[in-house]
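Engineer: Starting from the known structure of chain U, fit chain S onto it as the hints suggest.
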Amino acid sequence: MALVLENIALSVGGVVHLHPTSLSLARGSLTVLLGPTLSGKTTLLRLMAGLDRPDAGRVLLDGVDVTAMPVRRRRVAMVYQQFINYPTLSVFENIASPLRVAGLSRGAIVDKVKTAARLLRLEPFLDRTPRELSGGQQQRTAIARALVKDADLVLMDEPLANLDYKLREEMREELPRVFEASGAVFVYASTEPAEALMFGGGVATMHQGQVTQLGPASEVYRQPLDLVTAGAFSDPPINQFAAIKANGAIRLATGEDLEASSLPPLPDGPLTLAARAHEIRLEAVPGAVALAGRVRVAEISGSESFVHVTFPDGRDRVVQVPGVHRHEPDSHILVWLDPRRLFAFGADGRLLVAPSAAARGAG
Amino acid sequence: MRGMTGGRWVLGLYLLFLLLPTYWLVAMSFKTNAEITTGLTLWPHSPTLANYKRIFTDASWYSGYINSLKFVTVNVLLSLGFALPAAYAFSRYRFLGDKHLFFWLLTNRMAPPAVFALPFFQLYSAVGLFDTPWAVALAHCLFNVPLAVWILEGFMSSVPKEIDETAALDGYSFPVFFVKIFCPLIANGIGVTAFFCFMFSWVELLLARTLTTVDAKPIVATMTRTVSAAGMDWGLLAAAGVLTIVPGAIVIWFVRNHIARGFALGRV
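Sequence order for the protein chains is U and S. Per this note's numbering, residue 1 is the first one in the first sequence, and the count goes up by one each step. Per this note's numbering, residue 364 is the first one in the second sequence, and the count goes up by one each step.
Chain U on its own, in the form it takes in the complex:
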């Protein structure tokens, strides 16, 4: 275990930024901190880096307590959401900066900077200043500086959030590959579930200053411990249906009934059933229940449509369907809910039932 956080917590002016949190992250591992804005991702990253001191708890790096160690003595690299470079230095000097401080020889510095620049396709721009670069190039400069440093801990705070779509796609593929070889603990904060799944590493979902679940991304995605985690790991937000189970039937707040036998055994009482937007259908599926609603709005994004539907319980749900589909606002629509594809959460928000692999494979 390379980075261990033991019950670290932080409050600023009476406001809790991070509840006591313990994590262990191995060397060579990639962990995505996944959560909405203000969920404490940046706070946690800054505590890991040592930019802020925790009120309580310890930070251990390779077994050594570094809680009180100043940032400059730790081997940590960080990339911010804003493009942070030294504006007065050339791109070459920006990348070389940590190496110069470390006192490497001129030849070694040139070698390392050139290698990093090649990897991040910055070679033509080494003589320019960051101001003369595009946003993507500026961020790649910051990433190159983090890369050459040979750090124990590489932290990235939504580094791709301010980049345009195409560049973001490219960098998402490159980043894990670039840092894989370094053997560092790699932590990446993001608001997008897609990034966590794409990187294929671990994920720590965050909600209101708490880590709600830590595990391999695909596992957390399939078996979220609670409703909050399922919510963080879903884009668009996971659709929720309040329900009550009694007498062998599950009555949804929207008015329809599900056969209790179509789901694994559940206790009687209030429940929350949940389904991600792409698990709900607009055409009949065998075994599915039809829910009647009205279209509020249909968004078409490229090759997919997001149909927002208002149900009799007054709440909206989103259906994601492949292809371009036009739906007039306020028109009646039937939405098909397949019980085998539903998550069920108890009244306390804990996961009771997750869809089985077989159900996800079907249809």
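Some hints here could point you the wrong way.
[As the list claims (entries may be wrong)] Simulated crosslink set (DMTMM-like; lysine to aspartate or glutamate; CA at most 25 angstroms straight-line):
#1 K114(U) x E173(U)
#2 K543(S) x D111(U)
#3 K524(S) x E93(U)
#4 K524(S) x D55(U)
#5 K112(U) x E173(U)
#6 K462(S) x D52(U)
#7 K112(U) x E528(S)
#8 K524(S) x D52(U)
#9 K543(S) x E132(U)
#10 K245(U) x E259(U)
#11 K543(S) x D127(U)
#12 K524(S) x E132(U)
The set of hints was computed from the structure by calculation and includes no laboratory data.
Structural biologist: Frame of chain U; chain S shown alone:
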């Protein structure tokens, strides 16, 4: 088009109005006393360099410039030396009473120099600083350090603190970061600050005259003591005046781009 022409006329007249005294000073400096006192001439009819020659050869005159430059330089260096770390602290850290302290600094500027002339005079006489460039330089710090802190803080706060953090992560020690990374980032601000400190210290008369007598007498003091037995030496005084404007003009020339950006940032 007519409005345009009208606007130009107004601007032209205003410029003339601004430049007339300067022109008159320059013209006078090339005239003889006889020409100045006998009547109105728009330009020197018998131009002479005698006034300038006198200033550059007479020690009682040129030493005034040297003395002034000495304490002005010391003052600018001292002001920046104290204000840079102070402004950084105000810009980057929150501490008890920071806002009040920051405002209190500015109120120092509101006190007239005359208020402090007497205590400075007595204090410097007691510790043996009287009539040295240090006396004036230190006294001017009372006004220039708060101004410098105020201006620099604005520039520093426009630099994202993530740059400080990145430097710390890169392993820079604070002094190296401050000199090598941070100061170049606010070069404009340092230029503007140095300019304002220079100008205040260069033209300030009251403290400079009160705290010096012979050895450190600044040019502004020399100029106010030119009434001799033979009456006022007008041409000489005009030449001294021109030479007093020159350093300011040179400094403005060097920092003109910085000042434009400084004004754009709004703290000046």
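Engineer: Decide, hint by hint, whether the structure agrees.
Structural biologist: Okay, the hints, checked on the actual structure:
no.	hint	verdict
1	K114(U) x E173(U)	holds (21 angstroms)
2	K543(S) x D111(U)	holds (23 angstroms)
3	K524(S) x E93(U)	holds (20 angstroms)
4	K524(S) x D55(U)	holds (22 angstroms)
5	K112(U) x E173(U)	holds (22 angstroms)
6	K462(S) x D52(U)	holds (23 angstroms)
7	K112(U) x E528(S)	holds (23 angstroms)
8	K524(S) x D52(U)	holds (13 angstroms)
9	K543(S) x E132(U)	holds (21 angstroms)
10	K245(U) x E259(U)	holds (10 angstroms)
11	K543(S) x D127(U)	holds (19 angstroms)
12	K524(S) x E132(U)	holds (21 angstroms)
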